[in-house]
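There are 2 protein chains.
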Amino acid sequence: MNNFTYYTPTKVVFGKKAEEQVGALVKEQGCKKVLVHYGGSSAKKSGLLDRVTASLEAEGISYVMLGGVVPNPRLALVRKGIELCRQEGVDFLLAVGGGSVIDSSKAIGYGTANEGEVWDFYEKIRKPAACLPVGAVLTIAAAGSEMSHSCVITNDEEKNWKKKGCSSDLGRCRFAVMNPELTMTLPEYQTQSGCVDIMMHTMERYFNRVENMELTDGISENLLRTVMKNARILMDDPENYDARAEVMWAGSLSHNGLTGCGTDGGDWACHQLEHELGATYDVTHGAGLAAVWGTWARYVWREKPDRFLKFARNVMQVQEMESDEKTILAGIEAMEAFYRSIHMPVNLRELGISGLTEEEIQDLAYRCSYQETRTIGCIKKLGRKEIADIYRLAQ
Amino acid sequence: MNNFTYYTPTKVVFGKKAEEQVGALVKEQGCKKVLVHYGGSSAKKSGLLDRVTASLEAEGISYVMLGGVVPNPRLALVRKGIELCRQEGVDFLLAVGGGSVIDSSKAIGYGTANEGEVWDFYEKIRKPAACLPVGAVLTIAAAGSEMSHSCVITNDEEKNWKKKGCSSDLGRCRFAVMNPELTMTLPEYQTQSGCVDIMMHTMERYFNRVENMELTDGISENLLRTVMKNARILMDDPENYDARAEVMWAGSLSHNGLTGCGTDGGDWACHQLEHELGATYDVTHGAGLAAVWGTWARYVWREKPDRFLKFARNVMQVQEMESDEKTILAGIEAMEAFYRSIHMPVNLRELGISGLTEEEIQDLAYRCSYQETRTIGCIKKLGRKEIADIYRLAQ
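Protein chains in written order, with my numbering: chain A, 3 to 397; chain B, 3 to 397.
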């Protein structure tokens with residue numbers, strides 16, 4: 003087992019009507035002027051924003067509003083948020099939405115609490131020294147940003163958009179309010195993309211080169227089986243409270259560090275492959291992950307067959323075949339079959355990206371390898387050539 | 003799934019040489035004067051105290067020392083600690099030891115940060131409004147106090163000693179330093195009592211009346227299987243690092259709230275039954291829990307057979323028998339067989355308490371029921387009569 007640090011200070015308030023506690027939670031933080039940050043019109047229409055602001059008002063907390071966050075949240079809006087926070091003397095950022103809204107809030111938090119160019123933190127030129135406190139009212143179970151230390155922003159200010167992350171404990175949410183009922187009205191595609199995203203946060207950590215961490219492996223395997231079971235339930239019964247609750251809680255546990263304890267950190271190649279697709283084609287994150295995972299798995303499994311064997315047995319619970327190779331490949335196929343069963347893509351064409359030219363593939367790979375300055379993944383280190391192979395094979 | 007709050011702000015630094023980070027961790031908290039609180043001579047002899055104080059000195063942090071904490075930590079020493087903290091202007095409590103030392107530190111923290119009688123918090127007359135910050139260097143995997151909000155103190159100032167708990171998020175450790183190597187020299191009895199304590203923290207939550215929380219159940223079942231496997235390994239190979247690490251991490255996860263998410267809080271009758279034994283006979287906590295569990299289980303299972311059936315199947319993995327009743331009883335027996343295999347008692351006689359008179363049993367039950375003012379347990383509510391039954395049957 004590797005040494006590790008586990009730090010999850012976020013106070014989770016989980017269950018029905020949890021959003022009514024928002025005002026009290028902000029007050030507990032000693033904050034007085036809130037930026038309520040949100041996405042589109044659904045939070046307004048559903049009455050959620052009204053309930054949240056009523057809860058703030060009941061505690062005598064004043065607020066300003068900033069909507070308009072889109073999936074793959076944009077740097078331009080982050081700048082607008084920073085300006086607003088400075089103008090208004092905001093001392094708390096309340097994200098009402100999913101991972102995009104939370105990430106946009108964290109970025110605003112970094113930008114407001116530190117001088118200088120906020121994008122520096124995403125280009126890794128500087129590290130943030132502080133962050134305005136952030137809290138979340140979660141409406142999508144997917145990104146896990148409500149308990150994670152990560153934050154991914156898309157820079158839409160240059161010709162080639164860039165999707166980059168900044169990870170820091172400073173940005174961890176002070177609290178996360180999670181009412182599974184709030185996710186019941188999501189369209190199937192978003193619900194299921196979320197399920198894939200949740201699973202991939204655990205799988206990226208599960209596929210690593212350390213063997214001896216039974217507790218973490220067991221938690222991960224159980225989490226993956228639980229999400230699969232409940233994702234299937236939600237296909238037929240999207241208003242099933244318990245299924246929504248299992249998926250929502252799994253989303254937080256999947257990305258708060260728990261499923262990585264004792265590992266070497268994990269592979270994360272699929273996330274990097276998807277980030278480039280997200281920046282270039284603006285695809286839904288979870289769907290993008292599903293579209294590349296199977297190809298990645300077949301490309302790399304020979305480098306760590308025991309891990310893929312354990313995955314086939316304990317997660318996919320496939321029948322033992324006449325050779326380990328066949329069992330491993332059956333495990334990968336079983337996961338793809340699961341993705342198909344929840345209407346998720348298992349290749350780029352199904353994701354909506356067809357007819358890539360070799361030049362486009364090479365461009366994607368060049369950018370994904372940061373102009374050939376890095377490799378991605380730990381099961382197999384992937385440079386520009388290997389990245390291009392995977393994009394090509396994933397078509 | 004029930005609504006829940008999950009709050010585990012403790013920063014865990016886990017692994018080899020973790021104790022060398024103590025100075026930096028205290029500094030991160032902005033504290034300057036530490037009370038190093040510990041138990042007997044082993045922390046001194048092993049050189050651990052020297053390494054810890056060297057780490058504090060390296061960061062320019064001054065400290066005073068207070069040793070002498072015993073299992074079932076005493077109120078008298080807590081009072082001494084409070085006095086010392088006030089005299090010396092201590093602003094941080096560093097517990098170097100196991101659950102007893104951490105609980106004694108938390109109690110000192112409550113007593114120093116609040117005016118008035120500290121025992122009030124344990125008699126539930128008042129709630130603490132503050133606590134000095136506490137950190138832990140863990141040397142025994144058992145109590146889970148390093149991540150829990152609980153703290154149990156034995157009042158040794160009256161004729162009948164009382165063992166009572168105070169639970170508050172204010173007392174949660176700021177950090178927990180966990181190096182599994184520090185637990186390698188523990189005697190077998192302490193190691194295995196620790197394993198029982200860890201398992202019981204999960205089992206007390208697992209046995210509850212809510213059914214639909216798959217993620218929590220799966221985490222709990224895996225945790226229990228993992229601890230049993232590694233407890234057995236430690237019987238033959240007490241210096242097995244990975245086994246020590248699995249048990250140590252399980253100890254924290256077992257009592258930080260994770261295995262209770264979505265439940266009704268759990269049963270906890272066995273803990274209350276043991277508290278009375280601990281206060282009266284000063285037995286080792288984990289061993290005391292093992293000694294009453296089987297009797298408790300046979301006494302209550304008919305009130306919630308589905309839960310005991312799930313336990314038999316998923317935790318003890320017993321063969322399906324011709325009736326549910328037989329499978330359930332086989333599950334209970336399998337757990338007792340496990341306790342025996344790690345040299346833990348499964349009745350009071352094996353715990354070292356023999357020949358209780360009916361009057362002694364009635365006295366224990368009277369005190370355990372708080373003079374007949376409460377029931378314990380949720381699977382079956384146990385009043386004075388039922389508590390006496392269990393003590394009698396557990397002989």
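Please keep in mind that the hints were generated in silico from the structure rather than gathered at the bench.
It is possible that some hints are incorrect.
[To be verified] Below are the DSS-like pairs computed for lysine-lysine, each with C-alpha atoms no more than 27 Å apart in a straight line:
hint, chain 1, residue 1, chain 2, residue 2
1, B, Lys29, A, Lys129
2, B, Lys126, A, Lys13
3, B, Lys13, A, Lys126
4, B, Lys129, A, Lys231
5, B, Lys126, A, Lys306
6, B, Lys328, A, Lys13
7, B, Lys231, B, Lys18
8, A, Lys34, A, Lys13
9, A, Lys29, B, Lys13
10, B, Lys161, A, Lys129
11, B, Lys126, B, Lys35
12, B, Lys383, A, Lys13
13, B, Lys161, B, Lys126
14, A, Lys164, A, Lys82
15, B, Lys161, A, Lys18
16, A, Lys166, A, Lys231
Note that the coordinates shown come from a computational prediction; the quantities given were computed from them, not determined experimentally.
Original post:
Taking only the CA atoms, is the gap from B:Lys328 to A:Lys13 under or equal to 27 Å?
Top reply: Status violated; Cα separation ~42 Å.
Original post:
Hey, A:Lys34 versus A:Lys13, does the alpha-carbon distance stay inside 27 Å?
Top reply: holds, 19 Å
Original post:
Are the Cα positions of B:Lys126 and B:Lys35 separated by 27 Å at most?
Top reply: This hinted pair is violated, its Cα atoms lying about 30 Å apart.
Original post:
Are the Cα atoms of B:Lys13 and A:Lys126 separated by 27 Å or less?
Top reply: At roughly 25 Å apart (the allowed maximum being 27 Å), A:Lys126 and B:Lys13 satisfy the hint.
Original post:
Within 27 Å, alpha carbon to alpha carbon, are B:Lys161 and A:Lys18?
Top reply: violated, 48 Å
Subject >> Given pair status - A:Lys129, B:Lys29, alpha carbons within 27 Å >> reply: holds, 20 Å
Original post:
Is the hinted pair A:Lys166 and A:Lys231 satisfied, with a Cα-Cα distance of at most 27 Å?
Top reply: Since the Cα atoms of A:Lys166 and A:Lys231 sit roughly 32 Å apart, the hinted pair is violated (cutoff 27 Å).
Subject >> Pair hint outcome, A:Lys29 versus B:Lys13 [Cα-Cα no greater than 27 Å] >> reply: Roughly 24 Å between the alpha carbons, so the hint for A:Lys29 and B:Lys13 holds.
**OP:** Quickly compare the C-alpha distance for B:Lys161 and B:Lys126 to 27 Å and report which way the hint goes.
**Re:** Measuring from Cα to Cα gives roughly 20 Å; hence the hint holds.
**OP:** Sort out whether A:Lys231 lies within 27 Å of B:Lys129, counting only the CA atoms.
**Re:** The hint is violated at about 43 Å.
Original post:
Are the Cα atoms of B:Lys126 and A:Lys13 separated by 27 Å or less?
Top reply: holds, 25 Å
Original post:
Can the restraint linking A:Lys164 and A:Lys82 be considered satisfied, given a maximum Cα separation of 27 Å?
Top reply: With a Cα-Cα distance of about 19 Å, the restraint between A:Lys164 and A:Lys82 holds, given a limit of 27 Å.
Hints 4, 5, 6, 10, 11, 12, 15, 16 from the earlier list are contradicted by this structure; the remaining hints agree with it.
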